[in-house]
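Enquirer: Once you have looked at the hints, place chain A on chain G.
2 protein chains.
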Amino acid sequence: MFLDIKLDKETPVYVQIKNYISDMILRGMLRSGEKLPSTRELSSILSISRNTVISAYEFLVDEGFIYMEKGKGAFVSDVKVDIQEKWNMDWSNQINDYARFAEDLDIIKHETKWKKGMISFKSIAPDESLFDVEEFKKAFLNRISIEGEKILNYGYAQGYRALIQYLFKYMSNKGVDTEEKDILITNGFTEGFNLILSSITEKGDKILCENPTHNTAIKIMKLHDLDIIGVPMEDDGVNISKLKDELSKNKFKLSYFIPSYHNPTGVVMSVEKRIELYKALKQYDIPIIEDGFNEELRYSGAHVAPIAALSGRGNGVIYIGSFSKILFPGIRIGWILADRKLIEYLESVKRSKNIHTSSLDQAIFYDYLSGGNFEKYIKKARKVYKEKYEFALRCAEKYIPYKKIFGEGGLHIFLELQELNSRDVLKECYRKGIVFTPGDIFYTDDNGYNTLRLGFSRVNKEDIEKGFKIIGEVIKSKT
Amino acid sequence: MFLDIKLDKETPVYVQIKNYISDMILRGMLRSGEKLPSTRELSSILSISRNTVISAYEFLVDEGFIYMEKGKGAFVSDVKVDIQEKWNMDWSNQINDYARFAEDLDIIKHETKWKKGMISFKSIAPDESLFDVEEFKKAFLNRISIEGEKILNYGYAQGYRALIQYLFKYMSNKGVDTEEKDILITNGFTEGFNLILSSITEKGDKILCENPTHNTAIKIMKLHDLDIIGVPMEDDGVNISKLKDELSKNKFKLSYFIPSYHNPTGVVMSVEKRIELYKALKQYDIPIIEDGFNEELRYSGAHVAPIAALSGRGNGVIYIGSFSKILFPGIRIGWILADRKLIEYLESVKRSKNIHTSSLDQAIFYDYLSGGNFEKYIKKARKVYKEKYEFALRCAEKYIPYKKIFGEGGLHIFLELQELNSRDVLKECYRKGIVFTPGDIFYTDDNGYNTLRLGFSRVNKEDIEKGFKIIGEVIKSKT
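As they're listed, the protein sequences go chains G and A. With the UniProt record's numbering, the residue at position 273 of the first sequence is 273, and numbering never jumps. With the UniProt record's numbering, the residue at position 21 of the second sequence is 21, and numbering never jumps.
Extracted from the complex, chain G is given alone in its bound form (with noise of 0.2 Å):
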């Protein structure tokens, strides 16, 4: 029996020797009270060391599998008897209504997948060569010989001081009022609107959106068993009359918006918008969640003021912060400014579900923030991704027979089609190496069916023409 073992070259020797022994005792081929070769034998069979066996039975000792008599040699353990039958759980029955249906949401898993070849216009994630290295580099040999050992020992559930002073700053620079305020450093966008719902929210409460909106929003106000409310979007922003609308009809909870380069649409909200939308939640006193989503990228006109700065010292606004959308989104960080009272509770339910945020990577972070090269980078991407939009844009007014192209800009197009389900046409791009994203998962309702969203930021312009063409072709066919 014992001639069988293959030894490979990764794992250890000894570590083999005991896990092929367990192995046939788990599964019934050696038995109670049976007697192993002797370590001197087993040693010459295998043409290995005697003490290598020796530390192998010594584990299988420790691990109840086989006992030592005096004099006699090792036998194989009785109390193992009721182990020998394999513990087989059947986890689809442990696994509750609420991880089912995470598991069922999540598009990563059940959308059509990209292979090796194909073009993807799926991913709005920033072209990572455009990221500045060697100064991120810096910033973190600075940082580590500054306080290594610190920032790779436990933080603050808050967040890292000096990262937090840095984001009250920019913040007050976007005109946000910061006085009675506080901030909380979250991982990413993802973690911060879910503790926000997870400490406000209880099931079946209504929220109000945009119709569309963040898909990744749309499944965490799912999974927080919430009625969500959508109102269909204009070429400057949200429906207001339809927005008042909703607000007199219904009581709301929460609201949340995505006003500069709105996901998946492109649109920015005007200043009349901000101002009237801010003024009809405030009425209702519901509070605002307001996603600064790709604020940075603005390409053109004037700076637009976040609702969060309308509100001057009041405390309606939660305002939800992340750089992840351009810069460095690996390392997952993202912040919350809100009231300060708001921020207490938030903090505590954050260190119940991990503790902190990696105090190693706030720590780069604010370096290299602090150090000037945002300015930098945002500027080099600012123009990189304008050409590639305005590129993108004329390409898609070329080959693609579109209803409307939606937004002015942002890391991709939104289209809405004529008639013409976009699944269908995604199944025959597919064929054809091309994917995107359907449109109807931006949804809160059935509608959508006829619109997709074409991410560029990864895709070179080749590609970029090559892919529209083929979408446009596909479309044609259809119709």
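No lab work stands behind these hints: they were computed from the structure. Please note that a few of the clues may not be correct.
One copy or two, it doesn't matter: identical chains are merged, so the pair holds either way.
As a list, the in silico PhoX-like pairs of lysine-lysine whose alpha-carbon atoms are at most 25 Å apart [as the list claims (entries may be wrong)]:
no., residue 1, residue 2
1, K206, K72
2, K9, K376
3, K86, K251
4, K341, K109
5, K388, K469
6, K6, K404
Expert: Chain A only, in chain G's frame:
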């Protein structure tokens, strides 16, 4: 009015002007329709460049605070009238019971706080001066040069591939059969435990554990609204007959154990008890969550296999691992090893919570570990902590009148006193400059009022002796 602007040196001047004016408007000091000084006037009043004032006014226009009339100048907007009244949301009314409970259970916020100059025995975080920062730096530089851009962009919810592969091998070297199992990388133990409870339990479900047990685990179980049933600890692990008794009386959904260097007692569960426990839980088909807490720190004696190793190809044990109790807690990396199907669900839940754990941290950690640094570090750390443990033990025996000292190692000493409330002892010690953790927070019931935990990992020998002496004196004075 404008003369009282006090310009600081840190914020851009246009921002300060802008904030000053919007503040005046929001406070009603500047009324709708009121004319502002011309940009020329204001620049001369404040002795700043006219362009700076122009920038500030442009921002104010964008934010809707003021409007320009050609040839006439800048005026306070009408539209702000409704905004002027400060939005005063009452957040204490908005917070739900969950967040309130999380805040209540947040001992960091409510326990006696350390003040400068005090000796604190509260922490069981590793001593950061032992960290091998140079090797960590090398690991960073190596990873960043190999795949810098990649690890700064989005990664996978399941985790960084190479780290997962490393951990498979690592677990297999502990005797765990990884066939049909999978690994999910988490933000430390805390997130891992949260993900599991979120995915398996429902409100009111019964969970079986040791009593006392890890206070953070108790907090998380309570926040999941679980009915916690604790089984008393003995010197070689949980009381097995009482465990069987509870199993026969209750219907449990899950169980949670810390077999090595149990927190807070420091007890290492014997092999016999591990087997007995495994068999009992298997018989009732109740999944075991095994907390690999400080397993790596065993000072003495032979290797003891984790319960997951006893399970062979069986799938009833969910193992949560983390190095962060001894190494780099600041980067928050842990893992769950469990049945493949379960991990699939947990992966979706993880994605919905925060997309993924920092790719950068995972990549550095992988590089550090695979370079063989962990073995070197753990050898050093074990030696230092063992010596410190033995010293602390001698001090406890010499100075503190105790009823019982638990355990056989770890980064703390857990003491049971004669009939004396350790919170009374703490109150008195605090006045004398000493803090520690009262033991009751580790109990699942009302016991443990006469216990305390003395963490020594970050206290030097001199302070250990000094502190224990004072604690001993306080106890003597009370009995």
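Enquirer: Going back to the hint list, which numbers does this structure go against?
Expert: Result: hints 1 and 6 break, sorted rising.
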